[in-house]
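A.B. asks: Next come the chains, spelled out residue by residue.
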Amino acid sequence: GAGVSQTPSNKVTEKGKYVELRCDPISGHTALYWYRQSLGQGPEFLIYFQGTGAADDSGLPNDRFFAVRPEGSVSTLKIQRTERGDSAVYLCASSLRATNTGELFFGEGSRLTVL
Amino acid sequence: QKEVEQNSGPLSVPEGAIASLNCTYSDRVSQSFFWYRQYSGKSPELIMSIYSNGDKEDGRFTAQLNKASQYVSLLIRDSQPSDSATYLCAVDSSASKIIFGSGTRLSIRP
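Top line first, the protein sequences correspond to chains A and B. All residue numbers for the first sequence refer to the numbering used here, where the first residue is 20 and numbers rise by one. All residue numbers for the second sequence refer to the numbering used here, where the first residue is 124 and numbers rise by one.
Bound-form chain A, shown alone (with noise of 0.2 Å):
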């Protein structure tokens, strides 16, 4: 497809379980980014990548997430020990470059759920 995917769109996990996210962003696109998104708020900044290298992953609550993009296209987003405080949409963005990039294209994306 032509947009930014993202799988799985819902996920539904136990408190204490592994969850991996991912991001397929639009051919060409060499910055992505991973954004958590909660009722009613913005999406709040988690991690970007330019090319291969997490460029900024300051927004990463804790070391639980974990972001990884090996070969500069597909990236997952992977949390360990889910608490229920990670329940979110989980929104990947990418775009042509980092820097005054004009426009971030976001897939549709993945609610995370932890029960």
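These aren't lab readings, by the way, just hints derived from the structure by calculation. Think of the CB as a built atom: it goes at the ideal place given N, C-alpha and C, for glycine as much as any other residue.
Below 20 Å or equal to it, Euclidean Cα-Cα: the simulated EDC-like pairs (lysine to aspartate or glutamate) are:
(1) B/K220 - A/E122
(2) B/K220 - A/D75
(3) B/K220 - A/E63
(4) B/K165 - A/D43
(5) B/K220 - A/D76
(6) B/K165 - A/E63
(7) A/K34 - A/E102
(8) B/K125 - A/D76
(9) B/K165 - A/E127
(10) B/K179 - A/E122
(11) B/K125 - A/D75
(12) A/K30 - A/D43
(13) B/K125 - A/E63
(14) B/K165 - A/E122
Here are some chain A residues the structure puts well away from chain B; computed CB gaps all over 12 Å:
(15) A21
(16) V31
(17) N81
(18) F85
(19) G104
Using the hints, position chain B against chain A.
C.D. replies: Chain B alone, transformed into the frame defined by chain A:
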């Protein structure tokens, strides 16, 4: 202090009127500013970007930037019911990460 601040609303505007949305930011060296629209249950989509002080017009939308006051606004003229959504202000910070405000919920009443 939040990096990007917006009034959460809701802001209710009659159809055909002008809707005015405001945003302030804390990082003085920010260079790029964006307005995204988010319909309920959907992802954000870009509607305006602005990089220089002054006004930028695109159809019914006008973005205004005042870097000295660290203030960005969005005006929507001839508001339509389809403009009812949450409007997110976003700022490209000095670290090139894009930070969003919490959004202003806009409701256009027929």
